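Engineer: Read off the chains here:
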Amino acid sequence: NAGVTQTPKFRVLKTGQSMTLLCAQDMNHEYMYWYRQDPGMGLRLIHYSVGEGTTAKGEVPDGYNVSRLKKQNFLLGLESAAPSQTSVYFCASSYLDRAYEQYFGPGTRLTVT
Amino acid sequence: AQTVTQSQPEMSVQEAETVTLSCTYDTSESDYYLFWYKQPPSRQMILVIRQEAYKQQNATENRFSVNFQKAAKSFSLKISDSQLGDAAMYFCAYRSWRETSGSRLTFGEGTQLTVNP
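These protein sequence lines are chains A and B, in that order.
Per our numbering, the very first residue in the first sequence carries number 45; after that it's consecutive.
Per our numbering, the very first residue in the second sequence carries number 63; after that it's consecutive.
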């Protein structure tokens, strides 16, 4: 099992550009999450999904959109990147009946100039 | 809303010694989970230990143990016989027992642990 994978690992964007981060998991997990990690602030939840075709807002959803068209994939989109979105982005997933245990991807470092 | 606070941005310990990382949280719920995650320089988030709030017994995993004080809303992590590989950022996290929020985790700010040889 590859576990949770994220693409790309690094990216530099200019203000106003758009991009999509891809998260894939091969563990048949129902739940998937996108977090951002900023210095001194821990991880904060952006959006999450409790199943294929469903998404919901987390703690800091503004400026991001998500989609979960397939159970194994969870996409995070930035339509018009801003310097405030410079961060490390983590995807995570978990089973519905063992949702206390989240498996994390390796992270994507995004810089917006 | 729940909050998690780690008041120690940085800690250091000598190899083979014991260190305790502090975490406090605020919640109005009676049932929940608490976690400690480790994030080494590779950035990978690794679950170290989990505690269910309804359990009075403190969780242990080899050299890692917790001191869970429910009334005080305190959840500290003790690392015994510290090893160089323990050097990492450590995050305390909270999860509600209820499924209403997709089982989201609320994280503290993190404590950077340095292990000195």
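Hints are computed from structural coordinates only; laboratory data are not their basis.
All values reported here derive from a predicted model rather than from experimental measurement.
Honestly, I wouldn't trust all of these hints.
[What the hints assert, rightly or not] Label-pair distances were calculated between CB atoms; the ranges are:
no., chain 1, residue 1, chain 2, residue 2, range
1, A, N109, B, Q118, 17 to 27 Å
2, B, R160, A, N72, 40 to 50 Å
3, A, S128, B, E123, 15 to 25 Å
4, B, S142, A, G60, 50 to 60 Å
5, B, E77, A, D106, 22 to 32 Å
6, A, N109, B, Q174, 44 to 54 Å
7, A, A46, B, Q145, 41 to 51 Å
8, A, E96, B, L146, 39 to 49 Å
Heads up, the beta-carbon is just placed ideally off N, CA and C, and yes, glycines get one too.
Engineer: Could you tell me whether the CB distance from A:A46 to B:Q145 stays inside 41 to 51 Å?
Structural biologist: violated, 28 Å
Engineer: At the C-beta level, are A:S128 and B:E123 separated by a distance inside 15 to 25 Å?
Structural biologist: violated, 37 Å
Engineer: The hint says 22 to 32 Å between B:E77 and A:D106; measuring C-beta to C-beta, is that right?
Structural biologist: violated, 45 Å
Engineer: Is the distance from the Cβ of B:S142 to the Cβ of A:G60 consistent with 50 to 60 Å?
Structural biologist: holds, 51 Å
Engineer: Could you see if the CB distance from A:N109 to B:Q118 stays within 17 to 27 Å?
Structural biologist: With a Cβ separation near 44 Å, A:N109 and B:Q118 fall outside 17 to 27 Å, so the hint is violated.
Engineer: For the hint 39 to 49 Å, verify it against the beta carbon of A:E96 and that of B:L146.
Structural biologist: Holds, since A:E96 and B:L146 (Cβ atoms, about 43 Å apart) stay within the stated range.
Engineer: Can you let me know if the beta-carbon spacing of A:N109 and B:Q174 is within 44 to 54 Å?
Structural biologist: violated, 33 Å
Engineer: Tell me if the beta carbons of B:R160 and A:N72 are separated by a distance inside 40 to 50 Å.
Structural biologist: Violated - the Cβ-Cβ distance for B:R160 and A:N72, about 23 Å, lies outside 40 to 50 Å.
Checked against the numbered hints listed earlier, the structure breaks hints 1, 2, 3, 5, 6 and 7; every other hint is satisfied.
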